[in-house]
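Colleague: Take a look at the letters that make up each chain.
There are 2 protein chains.
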Amino acid sequence: MKALKEKIVNEGKVLSEDVLQVDTFLNHQIDPYLMKQIGEEFAERFKDDGITKILTLESSGIAPSVMAGLSLDVPVIFARKRKSLTLIKDLYKAEIHSYTKKETSEIFISQEFITEDDTVLVIDDFIANGQAALGLIDMVFQSRAKLAGFGIVIEKGFQKGGDQIRELGIKVESLAIVDALKNGEVTFRE
Amino acid sequence: MKALKEKIVNEGKVLSEDVLQVDTFLNHQIDPYLMKQIGEEFAERFKDDGITKILTLESSGIAPSVMAGLSLDVPVIFARKRKSLTLIKDLYKAEIHSYTKKETSEIFISQEFITEDDTVLVIDDFIANGQAALGLIDMVFQSRAKLAGFGIVIEKGFQKGGDQIRELGIKVESLAIVDALKNGEVTFRE
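As you go down the protein sequences, you meet chains H and F in turn.
Residue 0 is where the first sequence starts when you use numbering that gives the first Met the number 0, and the numbers rise one by one after that.
Residue 0 is where the second sequence starts when you use numbering that gives the first Met the number 0, and the numbers rise one by one after that.
Where hints are given, some of them may not hold.
The list treats identical chains as one, so a pair stands whether inside a single copy or across any two.
Subject to a maximum C-alpha distance of 25 Å in a straight line, what follows is the list of computed DMTMM-like cross-link-like pairs (lysine to aspartate or glutamate) [said to hold, decoys possible]:
1. K46 with E166
2. K88 with E184
3. K6 with D22
4. K80 with E105
5. K170 with E43
6. K100 with D22
7. K170 with D22
8. K12 with D116
9. K88 with D17
10. K4 with E16
11. K80 with E94
12. K1 with E16
13. K82 with D17
14. K170 with D48
15. K6 with D116
16. K35 with E115
17. K101 with D89
18. K100 with E57
19. K88 with E57
20. K35 with E111
21. K82 with E115
22. K35 with D72
It should be emphasised that the hints constitute simulated quantities derived from the structure, not laboratory data.
If you're wondering where the values come from, they're calculated on a predicted model, not measured in any experiment.
Isolated chain H (complex conformation) (with noise of 0.2 Å):
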C-alpha cells in the first residue's frame, strides 16, 4: 500500500534492526485519513470473504479496525490485555509471549461477541514473531466462528510470524512487508 510505505519511509525511526518506531502515524499519535485508507485497503482485500465480525487488540489495533469495520458495515471486538470492571466472566482467553518485552500475558474477549455463526477477520498492527497474532486466532477457534484471515498493517517479514501463519493455511494480507532494518534504512519487500 503506497501511501503506508510513503508515512513509514517520512516518518518511522529504525530504532535497531529489530525495532522500527511509527509513533507519529500508528503506534501512538494516530493519522486518521491514513487510517481511513487502511480501513478500505482491509475492506477491499476481504470484500468477498463474508466477514461478520472483526476482532484485533487494544490498543493499536483499534484505530485501523474501526475504519476496516467502518468500510465492511461490520462491528469490530477488541481483545483485552486486562479484566476490567465489567469483563469477568464468560470470556475466550489465550497466552501471549511477548519476547520483546520477555513475559507472557493473557489477553481476553467475552464470548457473546463471537460465536460459531461469525466469519471473522482479525487485525493488528504489527506482526513481528506471530505471539499476539496466535492468540487472536486461537480464541476464534475457540468460539468455533470461521476464520476469513489476518489483516495487518506491517509485517516484519524478517521474523517468522506471517509466514508461520501463511503455513496455517490462513489467508494473509499486510499492507506493508519490511524485509529489514539496517543503517536506519526500512527495506521493503516488492
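Please arrange chain F on chain H, whose structure you already have, making use of the hints.
Modeller: Same frame as chain H, but now just chain F:
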C-alpha cells in the same frame, strides 16, 4: 445525541447504581458507524475552537477520537497506561486514581506530539469522578498547549467529574449525561 442515547437504552446494561456497561458498542465491541456519528458530533461542537490535536486515553477513547480527528482533520494522540518499547523518554506523565479499581496508575505521552503551539481537544469515553480527565488535562497544561475543551461520550452526571471540570472554566461537551442508574434503568439529563 439521540442515536447514542437510543443505543444506551437498547443495549446498555445497568450493573449497579454506579456501573453502566456498554460493551456492545463502546468498551469492548465497537460500533464503527456510531463512532463515526459521535466523531462528527464532537467535530461540530468544537469546529470553531481552532483544534490542532486530539488527546485521548487508551483504549476505549481511541475509536471516538479517531473519528473526531477524521472530521476535524487533525491527528489523535492516545496516552498510554504502560510505557512501551518505543515510549521511554521525554514524556509527560500524570497520576490517575481509579475509585472502582482502587489503584493509582500513571499515564504517559511523548512530549514531541503536543507543544505550546497546539490547541488540544481532550476526548474520553466516560467521565465519572474525573480522575482520568484531570490527568489528561494536567498533561495538556504541562505541554503549555491551549486546552480547547473536553469531549465526553457518556457523562455520569451523578458523579462529580464533569461539573468539577466545568468549574475550572473548561468547555465540556458530553454527548449523553446519565443522571441516574436505578432499578435497572437509565435516566438521562434533559
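Colleague: Tell me, please, which holds for K1 and E16 at an alpha-carbon limit of 25 Å: within, between, both or neither?
Modeller: within (23 Å within a copy, 51 Å between copies)
Colleague: With identical chains treated as interchangeable, where does the CA-CA distance between K80 and E94 reach 25 Å or less: within a copy, between copies, both, or neither?
Modeller: Both ways: K80 and E94 sit 10 Å apart in one copy and 20 Å across, limit 25 Å.
Colleague: Under a CA distance limit of 25 Å, which applies to K82 and D17: within one copy, between copies, both, or neither?
Modeller: So K82 and D17 pass the 25 Å test across copies only (18 Å; inside, 30 Å).
Colleague: For the identical chains here, do K35 and E111 meet the 25 Å Cα criterion within one copy, between copies, both, or neither?
Modeller: between (28 Å within a copy, 24 Å between copies)
Colleague: Is it within, between, both or neither when you check K46 against E166 at 25 Å Cα-Cα?
Modeller: The answer is within: 22 Å in one copy meets 25 Å, while 49 Å across copies does not.
Colleague: If the cut is 25 Å between Cα atoms, do K100 and D22 qualify within a copy, between copies, both or neither?
Modeller: within (18 Å within a copy, 29 Å between copies)
Colleague: Please sort K6 with D116 into within, between, both or neither, judging by C-alpha distance up to 25 Å.
Modeller: between (38 Å within a copy, 23 Å between copies)
Colleague: Please sort K100 with E57 into within, between, both or neither, judging by C-alpha distance up to 25 Å.
Modeller: both (16 Å within a copy, 19 Å between copies)
Colleague: When Cα atoms must be at most 25 Å apart, do K82 and E115 count as within-copy, between-copy, both, or neither?
Modeller: within (23 Å within a copy, 36 Å between copies)
Colleague: At 25 Å max between alpha carbons, let me know whether K35 reaches E115 within a copy, between copies, both or neither.
Modeller: This pair counts as neither: shortest intra-copy Cα distance 29 Å, inter-copy 28 Å.
Colleague: Treating 25 Å as the Cα threshold, decide for K88 and E184: within, between, both or neither.
Modeller: between (46 Å within a copy, 23 Å between copies)
Colleague: At most 25 Å between alpha carbons: which applies to K4 and E16, within, between, both or neither?
Modeller: Within one copy only: 18 Å inside a chain, 49 Å across chains, cut-off 25 Å.
Checked against the numbered hints given earlier, this structure breaks hints 7, 16; the rest are met.
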